[in-house]
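Engineer: Sequence:
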Amino acid sequence: MTLMKTPEEKVASGKIIAVAAAGIIAVCGIALAIVLANVSNDNHDYSYEYSEEFDGITITDYKGTATELLIPDEIKGRDVMEIGESAFFDCKNVTTVSLPDGIEEIEACAFKNCTALTTINIPDSVEQIDGYAFSGCTGLTEITIPDSVTTIDGRAFDGCDNITITYRGQQYTAEEFNREF
Numbered sequence: 001m002t003l004m005k006t007p008e009e010k011v012a013s014g015k016i017i018a019v020a021a022a023g024i025i026a027v028c029g030i031a032l033a034i035v036l037a038n039v040s041n042d043n044h045d046y047s048y049e050y051s052e053e054f055d056g057i058t059i060t061d062y063k064g065t066a067t068e069l070l071i072p073d074e075i076k077g078r079d080v081m082e083i084g085e086s087a088f089f090d091c092k093n094v095t096t097v098s099l100p101d102g103i104e105e106i107e108a109c110a111f112k113n114c115t116a117l118t119t120i121n122i123p124d125s126v127e128q129i130d131g132y133a134f135s136g137c138t139g140l141t142e143i144t145i146p147d148s149v150t151t152i153d154g155r156a157f158d159g160c161d162n163i164t165i166t167y168r169g170q171q172y173t174a175e176e177f178n179r180e181f
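The numbers in the working numbering rise by one with no breaks, and the one at position 43 of the sequence shown is 43.
No wet-lab data here; the hints were simulated from the structure.
Virtual Cβ for every residue (Gly too), placed ideally from N, Cα, C.
Some clues are possibly wrong.
Said to hold, decoys possible - Pairwise CB distance ranges, derived in the manner of DEER restraints:
| id | residue 1 | residue 2 | range |
| --- | --- | --- | --- |
| 1 | 123 | 169 | 14 to 22 Å |
| 2 | 175 | 54 | 32 to 40 Å |
| 3 | 146 | 51 | 17 to 25 Å |
What the hints assert, rightly or not - Think about it this way: if two alpha-carbon atoms lie no more than 16 Å apart in a straight line, the pair counts; the simulated EDC-like pairs of lysine to aspartate or glutamate are:
| id | residue 1 | residue 2 |
| --- | --- | --- |
| 4 | 76 | 49 |
| 5 | 76 | 45 |
| 6 | 76 | 55 |
| 7 | 63 | 85 |
| 8 | 63 | 45 |
| 9 | 92 | 55 |
| 10 | 92 | 61 |
Using the sequences and the hints given, assemble the complete structure.
Structural biologist: In structure tokens:
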């Protein structure tokens, strides 16, 4: 006795395999969508990444349209510790930014070209402000940098022509500050 399938049985078997494969692909696709949904952020249009190095969150991008931003102090149970490089670059509608205690670094170009930005607080937890962090923020007229900031890279306020920067009891224009630090 031989077990040969008729052409009809072969077609039926092929259909069963095709349906099973489609089902597996659909389930995998749904699982992938769930994983991606869990990775994407649900915090006010921010993109972010977690760093095991300092056990904290870096805000890496903002795609929202709000004019007043209250940066969260934590995301998914992890402390927000850095504003990443170019995170708010060219956010021309942002007027006010409130940074939480716990931020330690404002990376290069973080707020570059935020031309409508008029108010930002820098909390006492900040230790470092990288180059061009506020470059082109022409709406900023005054900013106070806390004594906790020990490293300020060059040209942090480049292009902020109308700003008065207060740092360690001294007041500077952007040009003076960039030359001094």
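Engineer: So, for every hint listed, does it hold in this structure?
Structural biologist: Results for each hint:
In this structure, residue 123 and residue 169 meet the distance hint of 14 to 22 Å, their C-beta atoms being roughly 18 Å apart. Take residue 175 and residue 54: their Cβ atoms lie about 34 Å apart, and the range 32 to 40 Å holds. Distance hint check for residue 146 and residue 51: the Cβ-Cβ separation is about 23 Å, which falls inside the suggested range of 17 to 25 Å. For the hint pairing residue 76 with residue 49, the CA-to-CA distance comes to about 11 Å; that is within 16 Å, so the pair holds.
Distance hint between residue 76 and residue 45 is fulfilled; the C-alpha atoms sit about 14 Å from each other, no more than 16 Å. With a CA separation close to 12 Å, the supplied pair residue 76 and residue 55 stays within the 16 Å bound. Between residue 63 and residue 85, the direct Cα distance comes to roughly 15 Å. Compliance with the 16 Å bound is thereby established for this hinted pair. As the CA atoms of residue 63 and residue 45 are separated by approximately 6 Å, the hinted pair is consistent with the 16 Å bound.
Simply put, residue 92 and residue 55 have alpha-carbon atoms about 31 Å apart, too far for the 16 Å limit, and the pair is violated. Of the pairs offered as hints, the one joining residue 92 and residue 61 holds, with about 14 Å between alpha carbons and a cut-off of 16 Å not exceeded.
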